[in-house]
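2 protein chains.
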Amino acid sequence: MYVTHLECPKCKSIFNHRKVVQLCQNCAAPLLVRYDLKKIKNKFCKKKLKYRSYNLWRYKEFLPIEDEKNIVSLGEVITPLLKLKNFGSMLGFEQLYLKDEGLNPGGSFKSRGAAVGISKAKELGVKSFAMPTNGNAGAAWAIYGAKAGIEAHIVMPKNAPLITQNECAVVGAKLYLVDGLINDAGKIVAKAIHQYGIMDASTLKEPYRIEGKKTMGLEIVEQFGWKVPDVILYPTGGGVGLIGIYKALLELRKIGIIDTLPRLVAVQAQNCAPIVEACKNKQKESVFWENAKTVAFGITVPKALGDFLVLEAIYKTEGTAVDVSDEEILKYQFLLAKNEGLFICPEGAATVAAAYKLLKNGWIKPKERVVLLNTGSGLKYPDTIRADFLLLKSDNSIKI
Amino acid sequence: MYVTHLECPKCKSIFNHRKVVQLCQNCAAPLLVRYDLKKIKNKFCKKKLKYRSYNLWRYKEFLPIEDEKNIVSLGEVITPLLKLKNFGSMLGFEQLYLKDEGLNPGGSFKSRGAAVGISKAKELGVKSFAMPTNGNAGAAWAIYGAKAGIEAHIVMPKNAPLITQNECAVVGAKLYLVDGLINDAGKIVAKAIHQYGIMDASTLKEPYRIEGKKTMGLEIVEQFGWKVPDVILYPTGGGVGLIGIYKALLELRKIGIIDTLPRLVAVQAQNCAPIVEACKNKQKESVFWENAKTVAFGITVPKALGDFLVLEAIYKTEGTAVDVSDEEILKYQFLLAKNEGLFICPEGAATVAAAYKLLKNGWIKPKERVVLLNTGSGLKYPDTIRADFLLLKSDNSIKI
Numbered sequence: 242m243y244v245t246h247l248e249c250p251k252c253k254s255i256f257n258h259r260k261v262v263q264l265c266q267n268c269a270a271p272l273l274v275r276y277d278l279k280k281i282k283n284k285f286c287k288k289k290l291k292y293r294s295y296n297l298w299r300y301k302e303f304l305p306i307e308d309e310k311n312i313v314s315l316g317e318v319i320t321p322l323l324k325l326k327n328f329g330s331m332l333g334f335e336q337l338y339l340k341d342e343g344l345n346p347g348g349s350f351k352s353r354g355a356a357v358g359i360s361k362a363k364e365l366g367v368k369s370f371a372m373p374t375n376g377n378a379g380a381a382w383a384i385y386g387a388k389a390g391i392e393a394h395i396v397m398p399k400n401a402p403l404i405t406q407n408e409c410a411v412v413g414a415k416l417y418l419v420d421g422l423i424n425d426a427g428k429i430v431a432k433a434i435h436q437y438g439i440m441d442a443s444t445l446k447e448p449y450r451i452e453g454k455k456t457m458g459l460e461i462v463e464q465f466g467w468k469v470p471d472v473i474l475y476p477t478g479g480g481v482g483l484i485g486i487y488k489a490l491l492e493l494r495k496i497g498i499i500d501t502l503p504r505l506v507a508v509q510a511q512n513c514a515p516i517v518e519a520c521k522n523k524q525k526e527s528v529f530w531e532n533a534k535t536v537a538f539g540i541t542v543p544k545a546l547g548d549f550l551v552l553e554a555i556y557k558t559e560g561t562a563v564d565v566s567d568e569e570i571l572k573y574q575f576l577l578a579k580n581e582g583l584f585i586c587p588e589g590a591a592t593v594a595a596a597y598k599l600l601k602n603g604w605i606k607p608k609e610r611v612v613l614l615n616t617g618s619g620l621k622y623p624d625t626i627r628a629d630f631l632l633l634k635s636d637n638s639i640k641i
Numbered sequence: 242m243y244v245t246h247l248e249c250p251k252c253k254s255i256f257n258h259r260k261v262v263q264l265c266q267n268c269a270a271p272l273l274v275r276y277d278l279k280k281i282k283n284k285f286c287k288k289k290l291k292y293r294s295y296n297l298w299r300y301k302e303f304l305p306i307e308d309e310k311n312i313v314s315l316g317e318v319i320t321p322l323l324k325l326k327n328f329g330s331m332l333g334f335e336q337l338y339l340k341d342e343g344l345n346p347g348g349s350f351k352s353r354g355a356a357v358g359i360s361k362a363k364e365l366g367v368k369s370f371a372m373p374t375n376g377n378a379g380a381a382w383a384i385y386g387a388k389a390g391i392e393a394h395i396v397m398p399k400n401a402p403l404i405t406q407n408e409c410a411v412v413g414a415k416l417y418l419v420d421g422l423i424n425d426a427g428k429i430v431a432k433a434i435h436q437y438g439i440m441d442a443s444t445l446k447e448p449y450r451i452e453g454k455k456t457m458g459l460e461i462v463e464q465f466g467w468k469v470p471d472v473i474l475y476p477t478g479g480g481v482g483l484i485g486i487y488k489a490l491l492e493l494r495k496i497g498i499i500d501t502l503p504r505l506v507a508v509q510a511q512n513c514a515p516i517v518e519a520c521k522n523k524q525k526e527s528v529f530w531e532n533a534k535t536v537a538f539g540i541t542v543p544k545a546l547g548d549f550l551v552l553e554a555i556y557k558t559e560g561t562a563v564d565v566s567d568e569e570i571l572k573y574q575f576l577l578a579k580n581e582g583l584f585i586c587p588e589g590a591a592t593v594a595a596a597y598k599l600l601k602n603g604w605i606k607p608k609e610r611v612v613l614l615n616t617g618s619g620l621k622y623p624d625t626i627r628a629d630f631l632l633l634k635s636d637n638s639i640k641i
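Sequence lines, in order, name chains A and B.
Note that the working numbering gives residue 472 to position 231 of the first sequence, counting from 1, and the numbers run on in steps of one.
Note that the working numbering gives residue 334 to position 93 of the second sequence, counting from 1, and the numbers run on in steps of one.
Don't read these hints as lab results, they were simulated from the structure.
Among the hints, a few may not be true.
Since copy identity is lost for identical chains, a pair holds within one copy or between any two.
To be verified - Mimicking SDA-like on lysine to any residue, the simulated pairs with C-alpha atoms at most 20 Å apart in a straight line are:
no., residue 1, residue 2
1, Lys291, Phe465
2, Lys432, Ile641
3, Lys415, Lys640
4, Lys291, Ile319
Next up, chain A with everything else stripped away, as it sits in the complex (with noise of 0.2 Å):
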């Protein structure tokens, strides 16, 4: 392992990385993984990853595992990076991609943060955990701390996708739910660990689910021949996976892997579009979103407590931030599945509304290879769908 320490991003503290550690402990901001990249560079052979296992964990000196015996695996694969021959042509894009999160284990790209985040719980003896979540990192927590054997309290908004509920109940998680948004279930979340002690794996409040989400970068990498893409487009709502897929970047760039950065995108919903408003402002931080509410839950997200890393990932990048309309969003779900024959999340589907909307705009050429993150299957939002169908009688015909 190649861990050197955790690192506050703000004011550069630096804390052990063999003790469980939460925020910094000066000024409360996110704890980034830090690793003997020198080293790495001299250990980490391309070539080598074809004899290691097709799953995320060939990254391993990317990744703050000691001893692999306290990896805790639910069988996670290498997701597909799919060419959107038809549907790219259709737009207008000549080389549009889709990274498919819903083949993770319980569907979600979630499954990367819960795979290295409880595996390092593990490692550093834990016991037991308690976090908010909006439904698809719940259910992923709950079910690696299952085969962990680590305990899991999860608080939920009652309007969490009722599939993600089932997941944590079905693997014998504590789930509570709430009559409020995210920011509410964190608010009981805070309460119980000061009163109980014990971990607090709410977003970012831990450092090492950007580590697991930082797969998804190596990934597309690799998938690219350890080349970039041009343009990454992220559905963002507390946008670890965006800070990740940075992280990713800057750690391959530093070791020579490669030399550019691709544009990062976050995607948001119109009514919940926190950094999409920082951005247009040049802002370092976002301001609370009143209100939140879109059809695709997963990013309804007021304020991210990572958002200054969001924002640092897209004007490093000369990326932006973009948002999309629940419309938007529930008509390209349909397009890229006619299209395409992919169900994916409304989420993911945020991605392919605002994609389109830059392609337009000209910010993305023609000829630039895009990246969509869709982050989780269309099977777990049953109902995005609207559709009455023929009931028909045993003995009835069908007209072709």
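The hints should help you fit chain B onto chain A, whose structure is shown.
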């Protein structure tokens, strides 16, 4: 491509594989795809697989696609073979494995049959097909059909899982619900095929679905380092997966990659167990099961067209057939989830219950390598989970 012809397993008639052929034109039995196994033996090299895509298409010598341009892919993966260490030893198994087909595109093993079936249909110039389904197969053929631009007409019992109806709807397939079981849906499809002359994609009425399912067997053998386990348990409705796995094993044996066969076990639900009944009496075919009903909806098949092939696979491998109750299915679905973090479908859970039964009665020995086939993700069956959660107000606390 190494396909030589299509063959009727009953009357041994031979058909041209370069035309759309459905059942045997002499005896109406399902047809099997035959390969030039001598040529495959000369060409196929295990070591070369390292350089191929990490999905079912890596086994191209064993697949019927002539031109790789016709491959219709939604990002298939090699599904994980997970060792159930905790749960296995709890039950008394030393080497219990689960092959998790929930990680396929669309969340079920049906994607394999659809990937190969639709690719071959595209290669043969098919423009439109119809099929009856218990849900997952129809959804899989609908999504791959959408990708290929082939029109899908899907007839499903109205009680089939809602999410599979949604999958058909979102990709724009024509879906019809029927007030009855899959056999009733089958009658409606048969009439439509007769009237409109489109392709019949019903289970085993076209020969290529088996070839897709076969890849489960190829993967299992590769995942065990080109060795076979002792027992494979498979939830059996139409039984195509079991037939496919058996076909893979025979082909691998003929080219000298393996020399023994695992015992194959068909698992059915107590209230729909025609194969179990036939197996008890050593019959070659099953009898239609009246009033079939089980929580494992995917295996509600009162009489399978390929029953004689399933029974042959069981008898020739010294396997068996076992039925389990709905209570056992739901019990083991929960137990596995709690102990391994895996939320599997009720059909998959049936194999868990069956394996335990066979361990207790001595048919499986504790040291044997046992593979459970989980055919799909629990995400597609939210109704199998019952749970009540505490609803909190945003200023409430939780007790840990």
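Status of each hint after checking the structure:
no., hint, result
1, Lys291 with Phe465, "both (15 Å within a copy, 18 Å between copies)"
2, Lys432 with Ile641, "between (60 Å within a copy, 11 Å between copies)"
3, Lys415 with Lys640, "between (50 Å within a copy, 10 Å between copies)"
4, Lys291 with Ile319, "both (13 Å within a copy, 15 Å between copies)"
Violated hints are absent here; each numbered hint is respected by the structure.
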